[in-house]
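Asks: As a plain string of letters, each chain reads:
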Amino acid sequence: MSNPISFVATPKDLTTDNADAYDAFNQQGAVTDANFERINTYLRGWKLITAKSTQVSEPSPYLTNAWTDFTAGQWPRPTIVIPARMNCLMVVISGVVEHFNPAHTDQYLHLAYRFSGANSVPDQPAYWLLRGQWSQTMASRVSFFPGSQFTAGGTLTLIPRYYLNPLGFTSVGHTIYSGNIFAIALV
Amino acid sequence: MTGPMTFLSSPKPLLPDQCDAVDAFGDVSAIAADNYSRFNTYLTNSPNAPFVHVGQSQISGWEYRTVSGTTGGFVDITDATLLTPITITLPNPCAGLLGVMIGNVVASGRLGVAVGYRLSGPGIPTAVGAYATAIGVNNQQYGASRLYLALASELVPGQQVTLYPQWRLENAIVDYAYVGALQIHMYAFRDTL
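As they're listed, the protein sequences go chains U and E. Position one of the first sequence corresponds to residue 0 (numbering that gives the first Met the number 0), numbered consecutively onward. Position one of the second sequence corresponds to residue 0 (numbering that gives the first Met the number 0), numbered consecutively onward.
The hints are simulated quantities; they were obtained by calculation from the structure and are not laboratory data. A hint or two may mislead.
To be verified - When the alpha-carbon atoms are kept at most 20 Å apart in a straight line, the in silico EDC-like pairs for lysine to aspartate or glutamate are as follows:
#1 K51/U with E62/E
#2 K51/U with D68/U
#3 K51/U with E153/E
Stated by the list, open to error - Derived CB-CB ranges, DEER-like:
#4 V155/E with T154/U: 24 to 32 Å
#5 Q182/E with S115/U: 29 to 37 Å
#6 T86/E with S59/U: 36 to 44 Å
#7 S59/U with N91/E: 43 to 51 Å
#8 R37/E with P60/U: 56 to 64 Å
#9 L185/U with G142/E: 21 to 29 Å
#10 S36/E with N86/U: 26 to 34 Å
#11 T70/U with T161/E: 33 to 41 Å
#12 T161/E with A83/U: 34 to 42 Å
Think of the CB as a built atom: it goes at the ideal place given N, C-alpha and C, for glycine as much as any other residue.
Working from the sequences, and respecting the hints, build out all of it.
Replies: So, in structure tokens, the structure goes:
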């Protein structure tokens with residue numbers, strides 16, 4: 000829809016009688032209010048709703064062998080109110096994962112996130128992102144989730160988290176920084 | 000425009016009896032015409048496309064370069080034969096801006112070279128090198144992408160935002176790298192409400 004709509008003019012000149020005008024007034028009032036509400040409903044179909052947060056600090060120490068949430072102080076948790084008729088939710092998590100201990104080459108470190116509230120997304124631990132293994136990785140992971148997996152009107156919280164597997168070694172030589180997470184609800 | 004348009008309501012409760020109906024009918028007609036005008040003004044200023052895609056800067060093959068700057072700090076890539084900054088004029092209203100970098104890096108040494116970008120414009124926090132995307136390590140090739148979202152609250156509609164490609168040395172062992180298939184993009188989302 001790239002051109003203005005040609006709305007039909009109001010037939011205000013069709014009556015000069017109070018009795019007829021009374022009925023016409025009430026009918027038109029009801030119809031026009033309803034029509035404009037439909038316009039707003041239509042426009043909401045283009046809406047873009049966004050939320051994001053940036054990592055503040057790292058866990059100290061990193062816990063091992065379990066998915067562990069960053070605290071809200073370490074990495075604030077963005078929230079988004081799920082809009083009605085959301086087609087999909089785009090979520091992007093980014094960060095730098097490093098592991099620089101040459102004695103512990105088999106360690107790995109994942110960065111991911113989970114949802115809290117207003118969702119029925121299964122298998123969230125599968126959405127891990129980055130692996131540090133005597134290396135340094137910088138990247139974003141982009142995921143799209145169908146709107147049917149979320150509850151309209153509910154508040155969804157994105158919680159960044161990590162998984163460190165030391166494989167028998169001590170928890171040293173690794174770091175996660177420069178983290179960002181954001182979500183875009185496409186209605 | 001961050002919420003639904005505020006249309007004028009028809010003044011139905013103000014009509015006490017038939018004697019006022021002709022005047023009231025005229026009033027509500029005028030209000031309806033006003034609302035139609037508002038909506039058309041909105042449509043004129045809000046094209047159907049939900050976002051503006053800015054022309055990208057890219058290389059398609061592999062390029063060998065000496066990396067400028069000092070260890071640990073991101074600096075702008077000033078070699079125009081590699082990548083050039085891209086600038087966008089934000090739509091008005093604007094719902095957000097997405098910066099994207101995609102690329103591969105190969106570098107020698109225990110640690111290598113990282114590439115990234117920064118966004119610069121009114122309202123955008125200055126965080127040089129915060130949005131790194133890929134790195135070459137141990138002669139391995141790394142390919143990755145990095146996306147960054149600037150919220151509507153961080154942007155000034157109608158103003159320009161520039162994406163500057165950057166890189167940094169990870170240590171002093173190497174100061175060169177092969178970079179391949181680097182691309183930078185920006186997408187500005189129109190605010191449609």
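Asks: Evaluate each hint against the coordinates.
Replies: The hints, checked one at a time:
1. The straight-line distance between the Cα atoms of K51/U and E62/E is roughly 35 Å, outside the 20 Å bound, and the hint therefore fails.
2. Among the hinted pairs, K51/U with D68/U is consistent with the structure: their alpha-carbon atoms are about 17 Å apart, no more than 20 Å.
3. A distance of roughly 12 Å separates the Cα atoms of K51/U and E153/E; the hinted pair therefore holds under the 20 Å criterion.
4. At about 29 Å, the beta-carbon gap between V155/E and T154/U stays in the expected band of 24 to 32 Å.
5. Separation of Q182/E from S115/U is about 34 Å and conforms to the stated range, judged on CB atoms against 29 to 37 Å.
6. Look at T86/E against S59/U: about 40 Å separates their beta carbons, and that is inside 36 to 44 Å.
7. With their beta carbons about 44 Å apart, S59/U and N91/E fall inside the hinted range of 43 to 51 Å.
8. Between R37/E and P60/U, the C-beta spacing of about 58 Å keeps the proposed range 56 to 64 Å intact.
9. For the pair L185/U and G142/E, the beta carbons lie near 27 Å from each other, so the given range of 21 to 29 Å is met.
10. In this structure the hint that S36/E and N86/U lie 26 to 34 Å apart at CB holds, the actual value being about 31 Å.
11. The supplied range of 33 to 41 Å is met by T70/U and T161/E, whose beta-carbon atoms lie about 35 Å from each other.
12. Here the CB-CB span from T161/E to A83/U is close to 37 Å, well matched to the stated 34 to 42 Å.
When each numbered hint is compared with the structure, a violation occurs for hint 1 only.
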